[in-house]
Amino acid sequence: MARQAANAPLVIDLPALTVDYDRDGTAYVGSVPVAELGAVVGTDLSPLSLKADQIDWLTEAGIQSVQLTNRPDQLLLVVNGHTLPRLMWDDASLNAGAELLQKIIAQSELPTDSTALLPVIANFGGGITLRFAGESETAAMPLLEQPHAAATAAQAAYLDLISAPPQITIDVFYQPDGRWHVDGLDATAWEAIMPLPWERLNLDGEVMAFLQANEIREFVLRSNQQGLFLAVNGEVLPHLDWSNGELLNLITLAEEGQIIADQFENSATVTSLVATGKRLLPLVQVTVFQLRIHFPTE
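Under our numbering, the first residue of the sequence shown carries the number 1, and numbering increases by one thereafter.
Heads up, some of the hints might be wrong.
[Stated by the list, open to error] Each pair of labels, with its calculated beta carbon distance range:
#1 V182 to V29: 45 to 53 Å
#2 V284 to L101: 27 to 35 Å
#3 D90 to F289: 21 to 29 Å
#4 L37 to I162: 54 to 62 Å
Please keep in mind that the hints were generated in silico from the structure rather than gathered at the bench. Cβ atoms here follow ideal geometry from the backbone N, Cα and C, with glycine treated the same way.
Given only the sequences and the hints, what does the whole structure look like? Please build it.
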């Protein structure tokens, strides 16, 4: 449900919409194809339909339903009954996000009013459910928001064991020419130590000019057991929240849908990877990781 903001003259609650897909990718609302429904309401709804190969991919991945719900402080995504990391915000982060998007859009060909609704998104409530399981399929998985108790319990147990969460901070410094260094070493030096394409992280002149023109001095990316946070010049943007075990839900969803298995021929390898991922997840999630990216001020 949308909330009534203190000084908001407009609050809109939209009815939940359920869209069903057949094997060919045709979308229906009830028994009416969206193309016909669009003709009635005077809006082109054809983008809701999918291609048959997209339906095949979703079927092979085991995805039966996708539920997207807008709430006063978050955008909730539930797939096959598993809650995935959600996008959350408050008034300050929404405004900061809108300001940053306006700067980006000003450098693009998008309409300059594309972000007009972002600061008041909390005043809109609504949801859409997409269902991909046909009548011949097994019963659809429940469209429920399910906190993963096992994941949160594992995090708590790990924190009790180590007392304080590990902390990792990496500072990246960019030069005016777009090259970067960490601990005094540039991309070439790091590639000699760790053979990865580090030079791809160098920025071109257009990006550096945008950062300079908009006085963007610093990005800070921070993750902990609550979620993933991004701040630009100290202004916190909307963040991803995974405090209720949503990361384990991602692994579970991939495991159930054979998404991981399709990448490997050996089932034992898949089983080992999934088990290792689940064991390491509490450590990864409770670790306080901070990546600070500094840009030149002149």
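The hints, checked one at a time:
no. : hint                     : result
1   : V182 to V29: 45 to 53 Å  : 52 Å, holds
2   : V284 to L101: 27 to 35 Å : 30 Å, holds
3   : D90 to F289: 21 to 29 Å  : 23 Å, holds
4   : L37 to I162: 54 to 62 Å  : 55 Å, holds
Checked against the numbered hints given earlier, the structure satisfies every one of them.
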